[in-house]
Amino acid sequence: MATTLLILHGLVAVALIGAITHQTLATWAPLKAKPNTFFGRFRAIESAGFTNAIVVLYLISALLGAVVYLYFKIDLQPNLERDRHWHALGFLDLKEDFVAIGLGVLPAYWFCWRRPLNSQNHQARAALTLLLAFIVWWAFLVGHVINNIGGFGA
Amino acid sequence: MSTSAHHRFVFAFGAAFALFYAIARARGLALFTLYPAQGIVLLGTHRSRDVADPVLDFLAPEMFWYGWIASAAIGALVVGLLAALLPGRLYWFWAWCVWLVPPMAMSACVYLTIPWFRL
Numbered sequence: 128m129a130t131t132l133l134i135l136h137g138l139v140a141v142a143l144i145g146a147i148t149h150q151t152l153a154t155w156a157p158l159k160a161k162p163n164t165f166f167g168r169f170r171a172i173e174s175a176g177f178t179n180a181i182v183v184l185y186l187i188s189a190l191l192g193a194v195v196y197l198y199f200k201i202d203l204q205p206n207l208e209r210d211r212h213w214h215a216l217g218f219l220d221l222k223e224d225f226v227a228i229g230l231g232v233l234p235a236y237w238f239c240w241r242r243p244l245n246s247q248n249h250q251a252r253a254a255l256t257l258l259l260a261f262i263v264w265w266a267f268l269v270g271h272v273i274n275n276i277g278g279f280g281a
Numbered sequence: 065m066s067t068s069a070h071h072r073f074v075f076a077f078g079a080a081f082a083l084f085y086a087i088a089r090a091r092g093l094a095l096f097t098l099y100p101a102q103g104i105v106l107l108g109t110h111r112s113r114d115v116a117d118p119v120l121d122f123l124a125p126e127m128f129w130y131g132w133i134a135s136a137a138i139g140a141l142v143v144g145l146l147a148a149l150l151p152g153r154l155y156w157f158w159a160w161c162v163w164l165v166p167p168m169a170m171s172a173c174v175y176l177t178i179p180w181f182r183l
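Protein chains in written order, with our numbering: chain A, 128 to 281; chain B, 65 to 183.
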């Protein structure tokens, strides 16, 4: 059960990382990028279209992570402590903190990207998108490393 | 609530949630503590302590994370509602707070995690 949930959590995270990275680059890429360049093509898409998907994927991913965390706490953390993986546990602590803070800003992020886009919220929109992208990348990488340390199906 | 009040609510909620989460994390203010191995939920912060044999502490690991989130959410809800009721001219303040406070709270969490890296 835990392994199935973990795989599902990973798959949702992959979809989320793709969407948030796309939107972040589209938001922060230079406006004067040429149309046929990498950033130019990113700019060509309507980045607001990712918002609902990002919110839903973030919520599902956080929920699955919160469930998997129960198994981790009982089955995996004692082993990590026994093997003195203190840095990994520290990074995981940060992952849970960052993800929680991301949950808190999610409604504001969604409001900022609501159509029609309000120019008054441009700064908050760009900053929150970058913040969420950082959180998602951090959570993804730390989760990946912890899973590697624990081993598949551990 | 008007759209502007909605905006103020979500902006204030986001900023306050991050702030309260960092405070809950620093002060150990979990609304409830979960013992996943036993399937027990206790109101407030409770640390598992096996006085007879501290080595067996891992048998009853406690989880505060869900409790910290609940504490932060309640505090943020109150601040959000207050912000929605306050005059609209404070909109700019919440619009700044929502993206300035969370990174500061994240930095505080990094600071609180330092002990792991000193072991």
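Hint data in this document are derived by calculation from the structure and do not stem from the laboratory.
Any given hint could turn out to be false.
Estimated spans, in silico, between C-beta atoms of each pair [to be verified]:
(1) A:LEU135 with B:ILE87: 31 to 37 Å
(2) B:LEU145 with A:ARG209: 23 to 29 Å
(3) A:ALA129 with B:LEU145: 21 to 27 Å
(4) A:ARG168 with B:PHE157: 45 to 51 Å
(5) A:THR164 with B:HIS110: 53 to 59 Å
(6) B:LEU149 with A:THR164: 45 to 51 Å
C-beta atoms are modelled at their ideal positions from N, C-alpha and C, and glycine is treated no differently.
Among the hints numbered above, which are violated by the structure, and what are their numbers in rising order? Of the numbered hints given earlier, those the structure breaks are 2, 3, 4, listed in rising order.
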